[in-house]
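Asker: Single-letter residue listing:
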Amino acid sequence: MFTSRRFIALFILTALLALAACAAPTPEPTKAPPPPAATSVPAATSAPAATAAPVATKAPEATKPPVPTATTKPVSLRMAILVDEGTLNPYTYVLGYPGWNMLNLVYDTLLILDADSVPKPWVAKEYKISADGKVYTLTLRDNVKWHDGKAFTSADVKFSFEYYKKNARGRFTTPVRDIVSIETPNETTVVITLPAPNPSFIYEPLADAPIMPKHVWENEADPKKVTNATGSGPFKLAEYKAEQFYRFTANATYFAGKPAVDELLMPIIKDPTTVFASLKTGEIQGTIRELSPELVKDFSSAADMKVQRGPGFATTMLLFNSERAPWDKKEVRQAVGLAIDTQKLVDTVLLGFGTAGNPGWIHPQSAFHDPAVKAEFNVTKAKTLLDGLGYKDSNNDGIREIAGKNIEGTLLVYSNNPQRIRAAELIAAAVKEIGISFKVTALEVNSLDAKVWPDFDVAKGRDFDLSMWGWSAPVQVNPVRMVQLVHSDPKVGNSNVGGYKNPAVDKLGEELRVTTDAEKQKTIVRQMEALIAQEMPFVLLYYADGNYVYRTAAYDKWVYQKGQGIFNKLSFLPGVKP
Amino acid sequence: MSRFIIGKIGQYAIVLWIAVTLNFALPRLMPGNPLALLAGEEVGMLTTQQRTQLMANVGLDQPLPAQYLRYLQNLLRGDLGYSFQKNKPITAILADRLPWTLLLTVSSLLLSTLIGVTLGAAAAWQRGGRRDVGLLGFFVFLESLPSFWVGMLLVALFAVQFPIFPTFGAVTPWTSLEGMAWVEDVLRHLVLPLTTLTIVSVSGTFIVSRYSMLAVLGEDYIIVARSKGLRERAILFRHALRNALLPIATVFTLNLAFAFGGATVVETVFSYPGVGRLVYEAVLNRDYPVLQAAFLMITVIVVIANILADAAYPFLDPRVRHAATRGGTR
Chain A
1 MFTSRRFIAL FILTALLALA ACAAPTPEPT KAPPPPAATS VPAATSAPAA
51 TAAPVATKAP EATKPPVPTA TTKPVSLRMA ILVDEGTLNP YTYVLGYPGW
101 NMLNLVYDTL LILDADSVPK PWVAKEYKIS ADGKVYTLTL RDNVKWHDGK
151 AFTSADVKFS FEYYKKNARG RFTTPVRDIV SIETPNETTV VITLPAPNPS
201 FIYEPLADAP IMPKHVWENE ADPKKVTNAT GSGPFKLAEY KAEQFYRFTA
251 NATYFAGKPA VDELLMPIIK DPTTVFASLK TGEIQGTIRE LSPELVKDFS
301 SAADMKVQRG PGFATTMLLF NSERAPWDKK EVRQAVGLAI DTQKLVDTVL
351 LGFGTAGNPG WIHPQSAFHD PAVKAEFNVT KAKTLLDGLG YKDSNNDGIR
401 EIAGKNIEGT LLVYSNNPQR IRAAELIAAA VKEIGISFKV TALEVNSLDA
451 KVWPDFDVAK GRDFDLSMWG WSAPVQVNPV RMVQLVHSDP KVGNSNVGGY
501 KNPAVDKLGE ELRVTTDAEK QKTIVRQMEA LIAQEMPFVL LYYADGNYVY
551 RTAAYDKWVY QKGQGIFNKL SFLPGVKP
Chain B
1 MSRFIIGKIG QYAIVLWIAV TLNFALPRLM PGNPLALLAG EEVGMLTTQQ
51 RTQLMANVGL DQPLPAQYLR YLQNLLRGDL GYSFQKNKPI TAILADRLPW
101 TLLLTVSSLL LSTLIGVTLG AAAAWQRGGR RDVGLLGFFV FLESLPSFWV
151 GMLLVALFAV QFPIFPTFGA VTPWTSLEGM AWVEDVLRHL VLPLTTLTIV
201 SVSGTFIVSR YSMLAVLGED YIIVARSKGL RERAILFRHA LRNALLPIAT
251 VFTLNLAFAF GGATVVETVF SYPGVGRLVY EAVLNRDYPV LQAAFLMITV
301 IVVIANILAD AAYPFLDPRV RHAATRGGTR
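So the protein lines, in turn, are chains A and B.
If you count the first sequence from 1, position 119 lands on 119 in the numbering used here, and the numbers rise without skipping.
If you count the second sequence from 1, position 17 lands on 17 in the numbering used here, and the numbers rise without skipping.
No lab work stands behind these hints: they were computed from the structure.
Just so you know, these numbers come straight off a predicted model, no measurement behind them.
We put the CB at the ideal spot given by N, CA and C, even for glycine.
Watch out, some of these pointers could steer you wrong.
What the hints assert, rightly or not - Partner residues are not named here, just some residues of chain A that face chain B (Cβ under 7 Å, in silico):
| id | residue |
| --- | --- |
| 1 | Thr-92 |
| 2 | Gly-96 |
| 3 | Lys-166 |
| 4 | Gln-244 |
| 5 | Pro-267 |
| 6 | Pro-272 |
| 7 | Glu-283 |
| 8 | Phe-456 |
| 9 | Lys-460 |
| 10 | Arg-462 |
| 11 | Val-492 |
| 12 | Ser-495 |
Stated by the list, open to error - Chain A is faced by these chain B residues, among others (derived, beta-carbon under 10 Å):
| id | residue |
| --- | --- |
| 13 | Gly-7 |
| 14 | Leu-54 |
| 15 | Thr-91 |
| 16 | Ile-93 |
| 17 | Ser-147 |
| 18 | Ala-215 |
| 19 | Gly-218 |
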């Protein structure tokens, strides 16, 4: 697209313009050239003005806002993302959000998470689990077609799962790793046998791993080099220009009906401030980017725009290195937990747009949550706990000592996350009240990860005292995943980054991992929730709400998926309830 | 003369080799590695064997000396490698992006040099006068402005408040403009980033040319020229500015190299698809091949800028010309 001749011509033109611009102020000793910009600058002392500037409510004429009601006129929607997601196949997309969500516009999963984030039948119109919990029999719809017109069959499912097993890709490989066999007695039946009952299986892979067309992928040795994005989903990837934009067009023959948006344009805008400026000008009509709490008010009052808010399942926590003294002592962790007013953090850091942390991990809006488990803020009790351990401040510097040494810890936090840095500072001030000193240190993402989670392998140990940490929404969606966070065996507790160990927790976790009976599962989850709240391997600080803003005239049929936001397949299929 | 040139080439070759080696070593010395990039999400759930396999796929399981040798071999063949993140050959990525960065940086460099030199000379001409003090104060003020802030301000003013220019990109996406319409579109997208980059880079040139001019204006030959009764303008351009150009030329070539770094922030604010942002993302993701290639490219540009400066001095300054000739024939 970029011929060199065109470029040279353009370059010369620019140079000429530059020359022309400068030809005017040749030094004429008598007339002082007035500094042109000087007057406009002082007016802009409120720096991040790009977003706070008085709202331009009118979209520029050039961008014709599509008429939402007209069924005859095609609906075209422009929605910005911030990072290039590559060629958009299961092996090349970059971020879990929104990359995976974009992937799901093009591909389908066998089950789908509904608006409550519960797995429901989708391409598989029904599924049966054998009494021993090991055999899954799925019946596929017979009217599903790939974008190229070929039929979607059980062979594609078998092929995809086996492909994931063979070619490592974190999110999709692990859930299919232990599959014993996949049989396809006919074109619409898939029988999957597992070595042991696994209640997570309906979440991952069934409602998570995209099914790839066998006829496209079977000859591909290097999945990262596949550029063919043929899927079966509601949209086709019509155009992708690296670092610039994605263009999706509606799949008119989608099995669940044609999506309500005919054309979805997703430009890549790298700076969040620019994203929201473009939303104000109307260059874009929505974004996957959540509004920061400071911007919610500004956009809520803007005409033509709507802010949709809902619970978020992404977590923010204070993580202890449970292998390092004194954080290896349950009472010390509890004291720190008691010293932190999580509701105050929500009010200060999130300006109220969030839910205070449940020390037992599970989001209070989850069906699995036990309302009896609650956070406690009690400075006196915290002090009593530390007194009980004999940790006193004997030199009157405000910090308690253990064997003459101050109780101190370095609290690590990502340097690119101002919200977490603010929370860390507030926490440091709070624990000072009970005589513990936290030194907040901001580190670049990879450098922090290398200390807390070297090589992303908990078996490789850890080198930190305390860290601000968090897990993304999918970890919260499936309650069984809490076992990964706390189990002491690195193979099971592969997300136990704090190195927490407790035989009672391990035992419950092992039980939970193989329990498929819904009621029994809920009971064990609640037992574990209570135990984690008691043991405090981490202090769960808050779950930030999702605030999403969009132009209502462009499209307003968004479906807020509990804990995960508005950018999902169901948002484009109004009226479809899985 | 020829020995002089061979000596120079030798020097530059050594500089390049050191740079290539550092470019190889530095990314690997940073904490962390590209495993997360290779594995995608949920990297923590992979088995040790799967991790090893992923690293082996891109040759990162080899000992460092072996990786280094392979890197040098590929480099000599002109193969810059394959980006872990973009899953594309780096030459293709750079070919896409370099034109945009060059368009932005070179235009800004020309613009800021023209403005800086002209106003610098004008200020020096009336040293201590109102115009001099005013301009100096103004440019010192510009110097202190952070580029992202200037960029956001311009977006707020000229894209949001008064929707004259677009807020992002180098061209309007998903359109297929041709000919003059395309050029116009590109220019419209160029205005705000170019203005930002020029605002934050013009002060250096202004200050250097002002001081350089001041030094020249104190010379005897200016007094002679004045006493000859030459017109002010002739003195300024023919006698003073020409002699003041040498340090300005040095600053220009140095700026050429630094322009790439300065463009990173501007490219981010305006989502301009250039090289600067590529480097930034590669650092965050530990995308070693991209880092190596991008740093190499910047090194090469610095070296070329130096060669150009070396070559240009004799034309700008007869004294250097004679010294070089003497050095060569000795």
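Asker: Hints first: check each against the structure and report whether it holds.
Answerer: Here is how each hint holds up against the structure:
no., hint, verdict
1, Thr-92, "5 Å, holds"
2, Gly-96, "4 Å, holds"
3, Lys-166, "10 Å, violated"
4, Gln-244, "5 Å, holds"
5, Pro-267, "5 Å, holds"
6, Pro-272, "10 Å, violated"
7, Glu-283, "6 Å, holds"
8, Phe-456, "4 Å, holds"
9, Lys-460, "10 Å, violated"
10, Arg-462, "13 Å, violated"
11, Val-492, "11 Å, violated"
12, Ser-495, "6 Å, holds"
13, Gly-7, "34 Å, violated"
14, Leu-54, "6 Å, holds"
15, Thr-91, "14 Å, violated"
16, Ile-93, "8 Å, holds"
17, Ser-147, "12 Å, violated"
18, Ala-215, "18 Å, violated"
19, Gly-218, "18 Å, violated"
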